[in-house]
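> Turn these sequences into a full structure, and let the hints guide you.
Residue numbers (UniProt numbering): 1 to 288.
One or more hints might be untrue.
[What the hints assert, rightly or not] Ranges of calculated distance between the beta carbons of each label pair, as one might list FRET restraints:
| no. | residue 1 | residue 2 | range |
| --- | --- | --- | --- |
| 1 | R60 | V21 | 20 to 28 Å |
| 2 | R287 | D206 | 22 to 30 Å |
| 3 | P49 | P288 | 37 to 45 Å |
| 4 | N149 | R36 | 28 to 36 Å |
No lab work stands behind these hints, which were simulated from the structure alone.
Don't be surprised by glycine CBs; every beta carbon is placed ideally from N, CA and C.
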Amino acid sequence: MRIVVTTPTGNVGSRVLRLLVQAGVRPVALLRDPGRLPPDLAGLVDAVPADQTDRDAVLRATAGADRLYWVNPPAPFGADPMAQHHACATVVAEAVREHGIRGTVFQSSVGAELRTGAGDIDGLAATELALDGTGAPVLHLRCGYFTSNLLLSAEEMAAGTLQTPWPVDHPLPWVDPRDIGDVAAARLLGPAWDGRIVQAVHGPQDLTFEQVAELLTELRGHPVVAGHIPDADFRAALAAAGLGAPEVDAIAGMSAGLTGGFVPEQSRDATSTTPTTLRSWAAEHLRP
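The following block contains the structure:
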């Protein structure tokens with residue numbers, strides 16, 4: 001089986017790539033710089049240099065593919081995130097059509113079901129629609145809030161705060177990226193399917209930022225207090241950091257669009273619940 005993996009050095013993609021190798025598959029790793037792959041995988045994967053917005057490069061890399069794991073990579077700093085998403089959507093849809101790929105696993109997000117009004121997630125929604133339009137078998141993994149996002153707040157947590165644009169009492173499905181990789185690899189290696197499937201990956205439980213701060217207080221041995229950043233202040237801080245208006249809208253739009261009564265289309269059940277708790281993830285990655 002020929003399986004192509006995009007973003008193979010990312011938090012999820014690296015897990016997918018390694019699991020495929022351990023399953024006896026020689027996957028194709030599509031990435032800009034093959035030199036970034038782990039040295040121990042040399043000779044076990046076929047690394048293909050390609051930018052995912054480069055139509056010709058992606059078509060070459062996906063020729064003969066039976067399955068495809070696709071993630072829209074983040075836009076370069078200063079670029080329009082939505083333009084990046086739409087470019088990726090166009091390329092992946094053409095690759096699926098051109099090569100008749102019979103199973104694409106797309107890493108999407110909770111909130112893509114809204115289609116509009118959720119910032120950067122709108123770009124994932126557009127990619128879902130582009131893949132749906134191919135008529136080929138596609139599985140959209142709508143993932144929850146990555147536990148690894150907390151790594152961006154390491155300095156804040158050391159100072160005793162956890163600032164967020166999300167209401168601190170708003171529950172979110174926290175998920176370990178490695179668990180997403182487990183689900184993606186299982187579907188890539190699993191039986192064929194027909195048509196469109198949506199599967200959520202919600203982690204083991206929904207938690208508010210207040211609950212997360214309490215957990216971090218226990219693990220780190222000093223108080224960590226969750227604080228809400230109003231949307232206007234959050235946007236101003238992003239702009240002050242040098243982000244352009246499209247980037248600010250993409251980032252701030254996610255928290256603004258997914259509060260106020262939003263309920264994920266996919267409920268929590270046996271297919272959407274994954275095992276790694278935030279406590280166990282944080283004990284590994286955030287304990288001082």
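> Going through the earlier hints one by one, which of them does the structure break, listed in rising order?
4
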